[in-house]
Amino acid sequence: MSQETHQEDPTILAAVDSLEPGRSPFEPLPPGTRDETAETLARLYNEVLGLIPYELDPAAPRPEVKQRLMTAIAGEETQEVAELRAAPIAPPASIPAPAAAPAPAPAPVQPSREMRTTGSPQEVRVPSRRPMAAVASRRASRWPLALAASLALAFAGLSGWLYLEQARQREKIAQLRNEIQETGQAAAEMGRMRDELAEMRDKLTLVTSPAVLVSPMRPMGEPPIQPGARGTLFVAADHQHWYLRLEGLQPAGEGKAYHLWWVADQGILSGGTFTARPGERIELSSATMPATTRAAMVTLEDEGSSPNAPTGPEVMRSGDVYEVL
Amino acid sequence: MLLRQVAERQPEALAGLYDRHASVLLALARRILGASGDAEDILQEVFLHVWNNASRYDASRSSVSTWLVLITRSRAIDRLRHRGVVDRAHESAHQDSGGGHASPEAPESVLFRERRERVKREMENLPPEQRQVLEMAFYDGLTQSEIAARADLPLGTVKTRILLAMKKLRSALRAEIRQLL
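Residue numbers (our numbering), protein chains in the order written: chain A, 1 to 325; chain B, 1001 to 1181.
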């Protein structure tokens, strides 16, 4: 194992250590390792851990698990629906059922289990069971009342069922409306996301390609001219493709420009100029880099100054280079 | 995007997230806990946690998939330790992972199936001693010292094996990692 690869070992062990009980993989990185390279590496090794369970055969949860979850998050809405569903069961209490049944028969008012689940008008009548002999003896005198009560019960049950059905339809309409809205938003964002994704993939091809060279860019000067500046240089295995990401660089100022230089065996060679805007990340990349390049540096130059050699102060320079396998 | 909608309290988004990830997360919880009832409880807890904490997700630290996996793993390990029957659960978990699911096969997207095949292959390609320590850390929730004691190995050897396994996986699973980023 090379010395370069040892440098990522603490990051890997930190990722694995974070699996221990009471720890979190999303804890801040250890002091002294908080640079962009370490953060990128930590992210990559977190993703390795996140992929491990994909080796397992997937297991479909029972449908009830999802139902329970959705019910739990529905919260108050769910309670309202439950009350609505229970409502049609109540009518026997407000209907003159006792007229058809003898006085000590309040029990039928209580909804039975079957009534709660189906809510059909026929089942609403189930509780009005009573001795057949008594009914027969009173049938002649009370049949109009009994008929009225039955009709009232049936009507109440039907009303309840209709009310419930209406509530269900309202719920369905709201759900469809949400789906339409969601589809519209998704379509609008899809194009933008696709563009961003393609751009990210191009950049990250470097970051995740085999044997990429990585070097943190550090502020230079005593004291540092730009103490808040930081960044990372990624160089592909072909030593040609590179991608430089810088953050925290203040604007160069009137008549000034930042200049990127390659420090190679044949001397210091221009990598071009760039501008910095407040709060914006700078991303530079190219498919060419001078052969034998050993480091990169950024200087602050007068606009229009010679592109052959740096004349202004050095603002940033690449640090240790190590290979990420 | 789904997670952002979850943070905005859209239940349909949570349902979408659930449909996409539940089968992998349940498989993970079962691998750790064995008993499917507990595993399904964990699954529900995880998605309730997501519902209440979606806004705390930091996209710069991990993909959504990894975030969900690590939350599930953490909760399942907590449950396992809480039970205090680590060994027994461990054994049953291994039995479960050998097949014989009570539930029907989960519907998988092509992407997930390819990912599973690739990860499975790369895990199998690891030398057995490296895979063993990695699985003990990941599925059994053991610290490196506990692994060393249980496997009767020096702590340094455990660390080296874990490092080698992680580096191999990172290198072999580049394409999958790129999809997640």
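Treat the hints with care, as some may be off.
Unchecked claim - Listed next, with one range per pair, are the computed distances between beta-carbon atoms: (1) A:TRP161 <-> B:ALA1175: 55 to 61 Å; (2) B:GLU1008 <-> A:THR273: 40 to 46 Å; (3) A:GLU165 <-> B:ASN1053: 34 to 40 Å; (4) B:SER1055 <-> A:LYS172: 27 to 33 Å.
Stated by the list, open to error - If you want the footprint, here are the derived chain B segments under chain A, 3+ residues with CB under 8 Å: (5) 1054-1067; (6) 1074-1082; (7) 1149-1156; (8) 1165-1178.
Calculated directly from the structure, the hints in this document are not laboratory data. In this text, a Cβ means the ideal position worked out from N, Cα and C, and glycines have one as well.
How the hints compare with the structure:
Between A:TRP161 and B:ALA1175 the beta carbons are some 56 Å apart, a value that agrees with the proposed interval 55 to 61 Å. Evaluation of the 40 to 46 Å hint for B:GLU1008 and A:THR273 yields a pass: the beta carbon distance comes to about 43 Å. In this structure, A:GLU165 and B:ASN1053 meet the distance hint of 34 to 40 Å, their C-beta atoms being roughly 37 Å apart. A C-beta distance of roughly 29 Å is found between B:SER1055 and A:LYS172, which places it inside the suggested range of 27 to 33 Å.
Judged by the Cβ-Cβ criterion of 8 Å, the region 1054-1067 of chain B is covered by chain A as claimed, because 8 of its residues qualify and three suffice. A count of 4 residues in the region 1074-1082 of chain B with a Cβ less than 8 Å from any Cβ of chain A is obtained; the coverage claim is therefore met, three being the minimum. Beta-carbon proximity to chain A at under 8 Å applies to 0 residues in the region 1149-1156 of chain B; the threshold of 3 is not reached and the given coverage is violated. Counting residues of the region 1165-1178 of chain B whose C-beta sits closer than 8 Å to any C-beta of chain A gives 10, which meets the bar of three, so the coverage hint holds.
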